[in-house]
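Enquirer: I would like the entire structure built from these sequences, with the hints used as guidance.
There are 2 protein chains.
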Amino acid sequence: MQNTIILIACDHRGIKLKQTLIAWLAANGYAPKDLGTNSEARCDASDFAQKMALDMKAGIGRSGVLICGTGQAMAMTANRYRDIRAALCSTAEVAKLSREHNDANVLVLGADVIDEATAQQCLEIFLKTPFLGGRYAERRDKLMQLGGLE
Amino acid sequence: MQNTIILIACDHRGIKLKQTLIAWLAANGYAPKDLGTNSEARCDASDFAQKMALDMKAGIGRSGVLICGTGQAMAMTANRYRDIRAALCSTAEVAKLSREHNDANVLVLGADVIDEATAQQCLEIFLKTPFLGGRYAERRDKLMQLGGLE
Numbered sequence: 001m002q003n004t005i006i007l008i009a010c011d012h013r014g015i016k017l018k019q020t021l022i023a024w025l026a027a028n029g030y031a032p033k034d035l036g037t038n039s040e041a042r043c044d045a046s047d048f049a050q051k052m053a054l055d056m057k058a059g060i061g062r063s064g065v066l067i068c069g070t071g072q073a074m075a076m077t078a079n080r081y082r083d084i085r086a087a088l089c090s091t092a093e094v095a096k097l098s099r100e101h102n103d104a105n106v107l108v109l110g111a112d113v114i115d116e117a118t119a120q121q122c123l124e125i126f127l128k129t130p131f132l133g134g135r136y137a138e139r140r141d142k143l144m145q146l147g148g149l150e
Numbered sequence: 001m002q003n004t005i006i007l008i009a010c011d012h013r014g015i016k017l018k019q020t021l022i023a024w025l026a027a028n029g030y031a032p033k034d035l036g037t038n039s040e041a042r043c044d045a046s047d048f049a050q051k052m053a054l055d056m057k058a059g060i061g062r063s064g065v066l067i068c069g070t071g072q073a074m075a076m077t078a079n080r081y082r083d084i085r086a087a088l089c090s091t092a093e094v095a096k097l098s099r100e101h102n103d104a105n106v107l108v109l110g111a112d113v114i115d116e117a118t119a120q121q122c123l124e125i126f127l128k129t130p131f132l133g134g135r136y137a138e139r140r141d142k143l144m145q146l147g148g149l150e
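If you read the sequences in order, they're chains G and U. Just so you know, we're using this note's numbering here: the first sequence kicks off at 1 and counts up by one. Just so you know, we're using this note's numbering here: the second sequence kicks off at 1 and counts up by one.
The set of hints was computed from the structure by calculation and includes no laboratory data. Here the structure is a predicted model, which means the values were calculated and not measured. Some hints here could point you the wrong way.
Since the list can't tell identical chains apart, any single copy or any two copies may satisfy a pair.
[As the list claims (entries may be wrong)] In the EDC-like style, the derived pairs of lysine to aspartate or glutamate whose C-alpha atoms are separated by at most 20 angstroms in a straight line are:
1) Lys142 / Asp44
2) Lys96 / Glu124
3) Lys33 / Asp83
4) Lys142 / Asp47
5) Lys51 / Asp141
6) Lys16 / Asp44
Expert: Rendered as structure tokens:
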């Protein structure tokens with residue numbers, strides 16, 4: 001996964017956590033691509049989830065991180081898109097399972113409801129855990145076949 | 001909310017928790033509608049999220065509960081549908097915020113990662129907390145306008 005591009009975006013509630021995770025990614029050999037916001041002005045999480053979906057569809061990145069206050073707006077929006085499997089995670093164990101069982105390609109974090117150390121652990125395990133495949137691949141493919149926004 | 005129909009579904013990992021929550025709903029004046037599964041045989045969470053989406057579109061229920069092992073498969077599938085705003089919750093506080101800020105209409109729970117008491121608290125507060133409206137309504141409407149599966 002070294003030098004892999006990791007897309008990362010947030011709304012105004014997630015800027016501080018995003019900066020922390022961007023620093024961690026850069027320090028650990030990943031190439032974070034910051035899709036914003038970087039303004040404290042109130043904005044809509046859905047606009048940034050949409051940006052990520054478009055970049056993923058274009059093949060710019062295969063994994064991403066979305067952050068808002070609780071993560072709900074990001075998870076609701078991102079999962080409307082066919083190419084995204086977004087997992088809102090509150091613990092490293094959940095992040096691990098989202099990779100193993102769901103082949104999640106976007107980690108969603110709620111900046112107001114998770115501490116920075118746990119968020120960093122979620123990100124690390126999310127990036128390092130492979131998908132188990134097998135019957136889980138059948139389920140993932142079924143979800144992809146359902147479709148969604150493009 | 002008394003006698004309100006509450007749609008509820010799970011995969012094979014969520015049967016026990018679903019039974020507990022159905023009993024709580026019935027004892028508290030709600031009308032739970034069980035969409036399955038009630039078989040211990042392995043099944044796909046996405047099939048049951050889809051059932052809920054179709055019932056919601058048909059106006060059979062306005063609120064729902066989806067349960068799988070971690071909640072991720074349910075949240076990923078349910079949020080592909082235009083009429084669903086599904087919130088994976090691990091604490092009552094997150095469940096409250098998902099109603100206040102996101103007007104979530106489906107509570108998603110991970111049976112393997114939440115204890116029954118917390119799950120019940122999440123459900124109670126989810127059903128009792130009103131949406132705040134205002135600027136949150138603008139964001140919800142923007143999400144609805146994005147579209148999704150029907």
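Enquirer: List, from low to high, the hint numbers that the structure doesn't satisfy.
Expert: Violated hints: none at all, because every hint is consistent with the structure.
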